[in-house]
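Q: Turn these sequences into a full structure, and let the hints steer you where they fit.
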Amino acid sequence: MSMLEVEGLSKEFGGVHAIEDLSFRVEEGHIHSIIGPNGAGKTTLFNLITGIYTPSAGQVRFDGRPIGGVAPSRLAAWGLSRTFQNLQVFFNMSAIENVMVGAHLHVDRRFWPSLLRLPGSVRRDRACRRQCADLMEFVGLGPYVRAEASSMPYGALKRLEIARALAAQPKLLLLDEPAAGLNATESREIDQVIKKVAAQGITVILVEHDMKMVMGISDHILALDYGRKLAEGNPAQVRANPEVVAAYLGAQC
Amino acid sequence: MAKLMNARSGGLALLALVMAVSPLGFTNAYYYDVAVGALFNAMICVGLNLLIGYGGQISLGHGAFFALGAYASAIGTSRWGLPPLAALGGGAVLVGLLAFVLARPILRLKGHYLAMATLGIGMIIYIVLKTEAQWTGGPDGMGVDPLALGGFVLATDRHWYWLAAMLLLVVVWLALNLVESPVGRALRAGHGAQIGAEVVGVDTSHYKVLMFVVSAVVASMVGSLFAHKNGFITPDIAGFHRSIELVTMVVLGGMASIYGSVLGAVLLTLLPQVLAGFDDYEAMIFGAIMMGTMIFLPKGLLPSLITQIRKRAGGRS
Amino acid sequence: MAELLQYLFAGLTSGAIYALAGLGFAIIYNASHVINFAQGEFIMIGGMTTATLAAAGVPVPLAALAAMAVTMLVGVALEKFAIEPARDSDVVTIIIITIGASIFLRGAAQVVWDKEFHALAPFSGETPIRVLGATLMPQSLWVVGVAMAMIAGLWWFFNRTLFGKAMLATSFNRLAAQLMGIGVKKVLLVSFALSAALGAVGGIVVTPIAFTNYEAGIMLGLKGFSAAVLGGLGNGMGAVVGGLIVGIAEALGAGYVSSAYKDAIAFVIILVVLFFMPNGLFGKKGVDRV
Amino acid sequence: MRDLMRWGAAAFAALGFASLASGNALAAEPVRIGAFLAVTGPASFLGEPEKKTLEMYVDRLNKQGGVQGRKIELTVYDDGGAPDKAATFAKRLIQSDNVDIIIGGTTTGTSMAAIKIVEPAGVPFISLAGGIDIIEPVKKWVFKTPHTDRMAAEKVFADLHKRGLTKVALISENAGFGKSGHDQSLKVAGNYGIEIVADEVYSPKDPDVTAQLTKIKNTPGVQAIFNFGFGQGPAIVTKNTKQLGITQPLYQSHGVASKDYIRLSGDAADGVRLPAAGLVIADQLAATDPQKPVVSAFKADYETAFKSEVSTFAGHAYDGLQIALSAIMRAGSSDKAKVRDEIEKTSGYVGTGGIVSMSPTDHMGLNLSAFHMVEIVKGDWKMVD
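Chains as they are written, first to last, in numbering that gives the first Met the number 0: chain A, 0 to 252; chain U, 0 to 316; chain B, 0 to 289; chain F, 0 to 384.
Hints listed in this document are in silico derivations from the structure and should not be mistaken for laboratory results.
Any given hint might turn out to be false.
As the list claims (entries may be wrong) - Computed beta-carbon distance windows for the label pairs: (1) 121(F) to 90(A): 57 to 65 Å; (2) 121(F) to 278(U): 25 to 33 Å; (3) 274(B) to 76(A): 27 to 35 Å; (4) 185(F) to 144(U): 23 to 31 Å; (5) 111(B) to 92(U): 48 to 56 Å; (6) 68(A) to 152(U): 54 to 62 Å; (7) 283(F) to 58(B): 31 to 39 Å; (8) 76(A) to 86(B): 34 to 42 Å; (9) 121(F) to 86(B): 55 to 63 Å; (10) 168(U) to 27(A): 47 to 55 Å; (11) 86(B) to 70(A): 34 to 42 Å; (12) 186(F) to 77(U): 20 to 28 Å; (13) 244(F) to 58(B): 28 to 36 Å; (14) 129(A) to 92(U): 34 to 42 Å.
Unchecked claim - Just a sample of chain B residues kept apart from chain F, beta carbon distances all over 12 Å, derived: (15) 72; (16) 163; (17) 183.
Ideal Cβ positions, reconstructed from N, Cα and C, are used throughout, including at glycine.
A: Structure follows, in structure tokens:
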């Protein structure tokens, strides 16, 4: 069974089709990349998959269950997690607290123990903090464990979102342009992080403009243009597709 | 040092110390009276800050919850003969339920729409309190008996001061616990980036509702105490002005700053007393101070102060 | 029938007053997304200035012009010295600033003027107009007419003049407007001047009906805010419709339900509308950008 | 940490409390009079003249050498009409300013709130508000100078009775003064054979009350309308009554016994009747009326000093001050208990509100004769009886 099945998915905003009749599958354990020029509908697709938008038509099944009308917070409990192209960082909190929010579903979040600061609750929270520090280390944010989110540079914030998404212990992780705005070295580091994540058995859907990264790590690639599927296949197939080259790669390379 | 202000034990100890030492400067009972009012407001504002500062949700109607608590105690004790604590608890439960029922639909609203809705609810409660005179005594209000706890009557302002001081410590402690717990993190996350919080499993509206209820219950309980302490209440305490005053204390002290709320409440309670001699210029000065503070210290008194201190100490630490 | 009509007239009179108050909120919101809680004080200053000048023998039209000028000056000063420096602050911070401003202006008014009520002679006499057994004062028609004229004027300004369009653009996207060379500061300044002038006009036409004193702005501000939110923030027409709904709900409530609860009835209606239409009757639906 | 403590102390103590401390004992102990008045807020046009009056006379007396050689020290706080503020200021007057006597409480609400403070503290308190609850039941330390709202209602109903009008529509302001007057009206109407056939209210700042008046107009059998309220409300009621072409006589309460009401209502006020104290119609009082010299003198004093028309509210403050000072003089000291006893013994004092004779069972000492029924004719008062 596929981890994610998208069938006949459409989304329109005031008559404009951002996504039109799109179908594809994502297999468990794969790194699945979605490429396309700006405005191709990649972020809209992410918003549809994670329940932030409701589709105009079609449906999405995650792990066999339809996600139509399910709130994003429930989907997270099902094992879906993501990062954002235009950061959704909690700038009113410290870096590690950002990651700890990611672990929200796995901590003791009952009201009374929290209010009364019961010892068990405190102990579990300390453990959570240690795990989150490890996660920050894992994505290469070791130096920022004690930082405030508002004082971190852009590249670090991108990784902070990855750490937060990982803290939710997802089965499927959606990464929206994790390398945007990063320099080459940082991009390679992200590369490694994504590979390590996939190695743990987490399915990854990646939206990225950095073709070197996409071609290097993807098991499967979906190319979009104007909300429609342009091509699909492994990196070699997509690279060879003349339409993709014309619509996207041609313009870039 | 700034870190000390944030640290729970340091801050609590300092607060306790200040409250313990302050009476040395109180030359008569009237000072205690004003101080008790300040501490009461501080408790409400700490609760309200959970909603406004940490949750990012404005409310222009919390004066009404305060008033409902006050009237619950007044009616419960004097008309039904309930023990004061039972009336206080009953009022808190009722207010909590009311807040819970109202919160879901209201908190879907954003920004000024939310402000309007909370204002409207406050006004409706105010009008009911004013109109149902057979229960509430109408616009001229009703008397309330002093607080008697198991035979001990809190009669003097001094007693009230120490009670209020202890309660404030408890309220601040609980608020700090909450803010630093997973519950508080979820709340703050919902304010910081709602969608970002949703996608990692935080049901943000649940936490907003929770804080709406918590802050309403705190206001209600303080209202009950206020009723006993003051001995006389009128529907004005549910009015628009009271609600605005509470929000102003929170914002002036510093949003998302528990100690800021205490500071804001204390200063704004004292200010009218200090300005009482300015006669016709009182309102102008009060308004100017409000504007000036928010223009020059937009983050509120305490956070701005801490930033200043950090900047100064920056080189050394 | 005559009874219902009389209630509607009563509602129309109050409603048009609320609508005028609401319009001022709409304009400033349009340009800056600021809710100016001192809007009621603009109305008060307009009314008080006109009433005192008229009492001193100045012809009413001249007094009205002077009042508009004074109020605009106050509006510009408020923007320049209180809103402009805090422009990038939190919504709540700005709310508190404007509330502080309203307290300040009220305090100033009681020093400059007094605490008495001031009246102004109705513009077209006091002979009630009879319609199907109900009566309406000519001054009420003045209020309604002025509200309508303002709507028309605002529509023209925002849709047909370059500066008006620029103001709208600023409200949608401040950065883009800036890039297009629109002076955001100037837009803000003009929006405050404009809504202050509107407030003054409102105060002038309302004073013959409801009188004015230094505290008159509190109620008008509250009702104006209600009207603007009910109609949908930033929508001038919405503010007018909202004001009329609140006014008529109060009158019908007083007539058919209970005069003690008429204000509560208006608030209940506002709440019900907001539950089903979270952006008011004509408000634009905000889309979360992710 | 030391900085921090200093900062904390500064915030809590210095900023606030230090500046609260007022002057220390003067060489010759002055007579300390405290007042809390609604100088701002909805009742400010009551509180403002009260404050001016107190200040003017205290100033004048001090220039003349004070009371029994002691200066009078007046402390006035503005409670804005808010009862909880009034309670705090009452406490401040007693505990911080150490006043010998308190005059004030512009509104019934603020007075009632202060009673909770003054009674246990044992400080003589002369309220300037109308509500009958202030002195009924009698409270040891509490007195008041204005006529009660009940007396106003009685005066109006007596007049209606005399004119043979029995079915009355009541319209009152939905706030302290109007509400209390409304309740008292309902209570005493029966004593005069009056039936209240309609009962409507309006909010203090409503711009239009035609809806309520239409309801009254359509109530069968209404013979007269009685409005209880103060501020601009009664003027709007009066104007709207005329607008709707209601022909039944309109009565107002003593709350509007000032020229302002006539000014605001314009022609519509013609024919309106209301109960008013002698002060309002000083020049129309019979030459033999014992009140005539008192009210004429006070009116002249006030109007020369402030260039504005005297109101009955200013008179209440004047009466309160006079009663307090003469009690202090009779007591020969400002000892609180003695002064209280002397206030209670006030007898035959001719004030602006009437002739005051108090007793242990009557802490106001006025009767219905203190009120005159006046009618507004061509924009001026005309005494009816």
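Q: Taking the hints in turn, state whether each one holds.
A: Comparing the hints with the structure gives:
Remark: the range hint 57 to 65 Å for residue 121(F) to residue 90(A) is upheld by a beta-carbon distance near 59 Å. Distance hint check: the CB atoms of residue 121(F) and residue 278(U) are about 29 Å apart, consistent with the given range 25 to 33 Å. Under the hint 27 to 35 Å, the C-beta atoms of residue 274(B) and residue 76(A), about 28 Å apart, fit the expected range. Hint check: residue 185(F) to residue 144(U), Cβ distance near 28 Å, so the stated range 23 to 31 Å holds.
Taking the beta carbon of each, residue 111(B) and residue 92(U) are about 50 Å apart, inside 48 to 56 Å as hinted. Against the hinted window of 54 to 62 Å, the Cβ-Cβ separation of residue 68(A) and residue 152(U) comes to about 58 Å, which satisfies the hint. Checked against the hint of 31 to 39 Å, the pair residue 283(F) and residue 58(B) passes, with Cβ atoms roughly 36 Å apart. At roughly 41 Å, the beta carbons of residue 76(A) and residue 86(B) sit within the given window of 34 to 42 Å.
For the pair residue 121(F) and residue 86(B), the beta carbons lie near 56 Å from each other, so the given range of 55 to 63 Å is met. Distance hint for residue 168(U) and residue 27(A): a CB-CB separation of about 54 Å, consistent with the stated range 47 to 55 Å. Hint check: residue 86(B) to residue 70(A), Cβ distance near 35 Å, so the stated range 34 to 42 Å holds. Hint check: residue 186(F) to residue 77(U), Cβ distance near 22 Å, so the stated range 20 to 28 Å holds.
For the hinted restraint 28 to 36 Å between residue 244(F) and residue 58(B), the CB-CB distance of approximately 32 Å keeps it satisfied. Evaluation of the 34 to 42 Å hint for residue 129(A) and residue 92(U) yields a pass: the beta carbon distance comes to about 39 Å. Here residue 72(B) stays apart from chain F, with its beta-carbon at least about 25 Å from theirs, past the 12 Å limit. Its beta-carbon lying about 31 Å from the closest one in chain F, residue 163(B) satisfies the requirement of being farther than 12 Å from that chain.
The beta carbon of residue 183(B) is kept farther than 12 Å from every beta carbon of chain F, the shortest such distance being approximately 37 Å.
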